Amino acid sequence: MNVIELQGVKKDYPLGATTVHAIRGMDLAIEEGDFLSIVGPSGSGKTTLLNIIGCIDQPTEGMVKIHGEDITTHSDRMLTDLRLHTIGFIFQTFNLIPVLTARENVEFPLLLMKKENLGKKEIRARAEKLIEEVGLSEQASQKPFELSGGQRQRVAIARALVTRPAIVLADEPTANLDSETGEMILKLMKELNVIEKTTFIFSTHDPDILKYASGVVKIKDGLIVG
Amino acid sequence: MLVLKIAWRSLLRHKGKSIIIGTILFLAAFIMTLGDSVAIGMQRGIEDNLVRSFTGHIILVSNEETKDNVLFTPMAKPLKILKNYERIRDVLKAQEFIHDFIPMTRGGAAILGGKSMSFMLLFGCNFEDFQRVFDHPLTAVEGTLLSNGDHGLLVNANWRKTLYRLQDFWLVPEGRELEKGALTDEARKELPKLEIKRSLALEGFGEPNSMSKEIPVKGITRFRSLNNIAEAITIVDIESYREIFGYFTARDIVQDLPAAQSALLSAKEEDLFGSADIYSSGSAASSVAELEKKIKTKTTTVRKIDFDNAAFNYIAILLAPGEDLNRSVERMRRVVKENDLPVKVLSWKTAAGQVAQISDILQIILFVFVILLFIVAIIIIMNTLSMNALERTEEFGMMRAVGARKGFISRMFLAETFSLSFLFGGAGILAGAIVTWIIRPLHIGSGGSEIFELLFGGEVFQPSLGVAGLVIGIVGLGIVTLCAVILPLVVARRITPLDAINRH
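Sequence lines, in order, name chains W and E.
Every letter in the first sequence is one number past the one before it in this note's numbering, and letter 90, counting from 1, is 81.
Every letter in the second sequence is one number past the one before it in this note's numbering, and letter 203, counting from 1, is 356.
In short, the hints are calculated from the structure, not lab data.
A hint or two may mislead.
What the hints assert, rightly or not - Subject to a maximum C-alpha distance of 30 Å in a straight line, what follows is the list of computed DSS-like cross-link-like pairs (lysine-lysine):
#1 E:K559 - W:K105
#2 W:K112 - E:K559
#3 E:K168 - W:K134
#4 E:K314 - E:K333
#5 W:K111 - E:K158
#6 E:K236 - W:K111
#7 W:K112 - E:K158
#8 W:K56 - W:K1
#9 E:K246 - E:K236
#10 E:K350 - E:K268
#11 W:K188 - W:K209
#12 E:K158 - W:K120
#13 W:K56 - E:K559
#14 E:K246 - W:K1
#15 W:K134 - E:K170
#16 E:K559 - W:K134
#17 W:K105 - E:K158
#18 E:K314 - E:K268
#19 W:K209 - W:K1
#20 E:K158 - W:K134
Values in this document were obtained by computation on a predicted structure and should not be read as measured data.
Take these sequences, add in the hints, and give me the full structure.
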C-alpha cells in the first residue's frame, strides 16, 4: 500500500527576476514500511522534496497524496495536524526548543495532541522510553545548549518518533555528526522501521549510509534520475 | 501550562529584551497612574469645591435667556427673571434624581463712591438655604455669616484684597474692628491713613429700575476651596439684591402698615381737614397734629417677602448621589418639556463658561499627554516585540513543523507579553499609587495660581486614585499591551517551518 504518492510535482522559487525550478516534475510512490534514501548532489532538490512530503512546503504544480488523501488543497490547520499526527520530521540542524529540557522537547508533540487525551504519566513514560532508546537518559534534564550536536540530533529523533507517526522524514540526519554517532542513529532508525513498520525517508549524500536503505531515489536537477 | 512554561522560560532567556519592554511598561503604567490620580483628584475637587459648593450640577434659567454662560460673567446684565417659579419648584420637588435645589439671583453691581468704577458679581439668595443646600461651603474669617433677616454682603477674603488694589479702601465687617493681621503688605504700609469701609454703596447694573443702596458688609468669607477662582462671588441677601436691581413684584410691595399709618389712611376727611369750610375752627388741626405726632414717633414699616414667590434669575440643582450629569441634563430637559416650564436647562459646565472650559482643557491636556505616552510606549514595545518575534523564527518555525498550530504560537506570545505587562506594568501602577499616597498628605499648595487651582481641583494638590483609578490604570495597561502585541503577534503567526529552514 502506498503511504505517499507524488504525481507531476513541480516546485518553482522566485529568485530576484528569475525563477528557480527546484523540482521539475516528479512521480513517486512510497510504500508503508519503506526505508527510503533520497540521494543527490547539493541543490538537486532533496530538501525541497522532503519539505513537500512533510507538509512544510506546497508544490507549484502536481498532486501529493498521503494515505491516499491529496494534501495540496489542505488548509494550514489541516497540514499542521497532519504533521503532528502522521509525520515525524528530523531536521539537519535546527531542531529543538531552546527553553525546554531534552525530556520536555520529546514530550512537546504529545502535549500538543489534545484529541488523544494522553495523561501526564503516559506522556512522561513514552518520552522516557524513547530517551532511553536513544541513549540520553542521563541528559534528559539538560537544555539543548548543554548537549552536543549528536545528542541534540538524538533528542530530535526521539521527538519525531514519540507520536508514533506513520512517516518519519529526516533531512541529512547524520550531516553534522561524527561517523560513529551517525551510524548509531541510522541503526536506531532502522530498528524502529523494522519493529514499528514506520516509513522512513531520509536524504543524504553520504554513500556509506546507503547500505541501510531498502530503496534509493536518485535526484539530479529537480528530476528523479534513478 | 505548557504555554506558560515556555513563555516564562523564554522571558528569562531573553532577559535584555524583557527588561527593555518591562521598563517601558513600568514607566507607562507609572506615569499613567499618576496622570489618572491627578485627573481624578481634579474631578473630585471640582465636584466638591465648585459644583457641590456653589454652582450645582444643573442650572435652570429663563427660556428667554440667550446666553448659556450665565454664572461667572462680571459686568453682565442680570439674567432674565424666572416666570412661574412656584410651578417650577413643585415640578423639581417631584423629581427623584434631584437631591436639592435653590433659587438664586445673579447680577453685576457698580461700586459707588470709590476711586474708580468697579463692579461686583452679586449672588442673591436666602443665605440659610444656600448653606443648607450646599452643605455650608462658606465660613466667615471676619464678622459673621448672614442669619435669617440679615441684610448685608459676604465678601470673599481674596476679593477684599483685589478691591483694595482697585479702590484703595479696606473692607471691615460692620461692627468689627480692623484686623491688622489680615492686611496685605501694601495696606499695612498705609495703616495710619488707611481708608476703612464697613459698607458699600452699590447700584444694580443693567436693569431699568436699578437703584443705589448702602449695604453693610456682614462678613469676610472663604469658600471651602478654590478661593482664587471664586473670589469674585459676593453673596448678598435676596432682599437687598432685589432692591438695588428694582425687582419689585406686586406681592413684594404689599406691606403691613404700622397702626399710625393705618389710622391716617382710615381717618375721615373732616378729621384731617375739618369741615367743608375752608377756614377751620382748629379742632381738626389738632387731630392732624396728633396723627402727625404718631407718624413721626413710629414710621418704621415691616416688609414681609416670601422668598419663593419673589423674583429669581436661576435655580441651582444638586443631583442625587450617583446620578450622571449628562443623562440628568437630558432627563431634566424632558421634564421641562413635559411640564411646559419656561426654563432653559444648562449643565454647570455650560453655565460656568470659562471656568469649566479651562477645567475641561486641563483634563484634555492630561488625557492627550497620557494618550501620547501610550502611543510612544506602544510603538517602542511593538518594535521590540516584532524584532523579538523575527529573531525567534527558528524556534517558532520548528514548533510549527512538529505540529504546533498558529493558536499555540499566539497563546505563547500573548502569555509572554502579558506576563511582562502584569509584572512590570503592575509594579508601575503600584509605584504610581504609592507616590500618590505619599504626595497627598504633603498638601502642596497652588501658590495662588488659578490654573493650578483648577488642575488640583482645589487650593492644595490632592491626587486621588481609589478603586476607579486602579481600574482605569489596569484597563489602560491592558489596552497598551494589547495594542503593542497585535503586530508582533501577526509577525509571529506568519512564521512558517519553511521560514525557519530558509533562515537557517
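30 Å Cα cutoff - pair E:K158, W:K120
23 Å, holds
What's the verdict on W:K105 and E:K158, does the C-alpha distance respect the 30 Å limit or exceed it?
17 Å, holds
Do the alpha carbons of E:K168 and W:K134 lie within 30 Å of each other, as the hint requires?
17 Å, holds
Is the Cα-Cα distance between E:K158 and W:K134 30 Å or less?
Holds, at about 14 Å.
Is the hinted pair E:K314 and E:K333 satisfied, with a Cα-Cα distance of at most 30 Å?
Since the Cα atoms of E:K314 and E:K333 sit roughly 13 Å apart, the hinted pair holds (cutoff 30 Å).
Given the hinted pair E:K314 and E:K268, is their Cα-Cα distance within 30 Å?
15 Å, holds
Pair hint E:K236 and W:K111, alpha-carbon separation not exceeding 30 Å
82 Å, violated
For a C-alpha distance cap of 30 Å, please report whether W:K56 and W:K1 respect it.
It holds: about 14 Å lies between the C-alpha atoms, which stays within 30 Å.
Assess, step by step, whether the Cα of W:K111 is no farther than 30 Å from the Cα of E:K158, and give holds or violated.
Roughly 15 Å between the alpha carbons, so the hint for W:K111 and E:K158 holds.
Check the hint pairing E:K559 with W:K134 against an upper bound of 30 Å on the C-alpha distance.
Within the cut-off at roughly 25 Å; holds.
For E:K246 and W:K1, compute the direct alpha-carbon distance and say whether it is at most 30 Å.
86 Å, violated
Would you check the hint for W:K112 and E:K559, treating anything up to 30 Å between C-alpha atoms as holding?
27 Å, holds
Of the numbered hints stated above, those contradicted by the structure are hints 6, 14, listed in ascending order.
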